[in-house]
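**Student:** Chains C and F are the protein sequences, given in the same order.
Just so you know, the first sequence maps onto residues 1 to 115 in my numbering.
Just so you know, the second sequence maps onto residues 1 to 111 in my numbering.
Honestly, the hints are just simulated from the structure, not real lab data.
What you are looking at is a predicted structure, and each value in this text was computed from that prediction instead of being measured.
Glycine is no exception: its CB is placed at the ideal position from the N, C-alpha and C atoms.
A hint or two may mislead.
[To be verified] If the Cβ cut is set under 7 Å, some of the chain F residues that face chain C in the computed set are: (1) Leu49; (2) Ser99; (3) Thr108.
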Amino acid sequence: DAGVIQSPRHEVTEMGQEVTLRCKPISGHDYLFWYRQTMMRGLELLIYFNNNVPIDDSGMPEDRFSAKMPNASFSTLKIQPSEPRDSAVYFCASSLGGFDTGELFFGEGSRLTVL
Amino acid sequence: KQEVTQIPAALSVPEGENLVLNCSFTDSAIYNLQWFRQDPGKGLTSLLLIQSSQREQTSGRLNASLDKSSGRSTLYIAASQPGDSATYLCAGNTNAGKSTFGDGTTLTVKP
Chain C
1 DAGVIQSPRH
11 EVTEMGQEVT
21 LRCKPISGHD
31 YLFWYRQTMM
41 RGLELLIYFN
51 NNVPIDDSGM
61 PEDRFSAKMP
71 NASFSTLKIQ
81 PSEPRDSAVY
91 FCASSLGGFD
101 TGELFFGEGS
111 RLTVL
Chain F
1 KQEVTQIPAA
11 LSVPEGENLV
21 LNCSFTDSAI
31 YNLQWFRQDP
41 GKGLTSLLLI
51 QSSQREQTSG
61 RLNASLDKSS
71 GRSTLYIAAS
81 QPGDSATYLC
91 AGNTNAGKST
101 FGDGTTLTVK
111 P
């Protein structure tokens, strides 16, 4: 299995621009998670999906952030408009089963820099 | 709210030494606890997952234990190697539907 695949690996953009991050989970996994990692705040859960349905988006910082999962093999995290404080590494992870049983598998991350 | 603490933040040991990394959590009602390894600029690699009904898990030179009553988990690394140098994170998963990560312990194994 190829593992969780994220793109792009690196993104540099200017403040105010739209950013779209993409994720392909491991085939057969029914949970998908988006995390953000910064030096100041560590790893934070932004949102997670179960069978393509958003379950908890309470970690999404504000309305500028949105996430979709149109099918079992693809998810996007969009930031519009982007701000310098959004600079971070964004990770996608998937699992078979939820928090009570599933082992989390992470992608390599998308490093976002907003100038 | 679950809080996860990892002490120390950094650890340096000579090659061949056995070592223990610590993870403490405040909410004992966890479903499971997972240990990860993160290399610089990389994603997190799952090392071991311990369910709440288990006391420990082993994989090669790694052994992880879980004590829910005391709110502690340890990751034991035997015969450390320079290739073990990385940041090690633990994450506690609770019935609140959250996965809370510690800030990690950065391990350096000197040849």
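**Student:** Does each hint fit the structure? Answer for all of them.
**Tutor:** Consistency of the hints with the structure:
Against a cut-off of 7 Å between C-beta atoms, the interface hint on Leu49/F holds, since the closest Cβ of chain C lies about 5 Å away. The interface hint given for Ser99/F holds, since its Cβ lies 6 Å from the closest Cβ of chain C, which is under the 7 Å cut-off. Here the hint on Thr108/F is broken, as its CB sits about 18 Å from the closest CB of chain C, past 7 Å.
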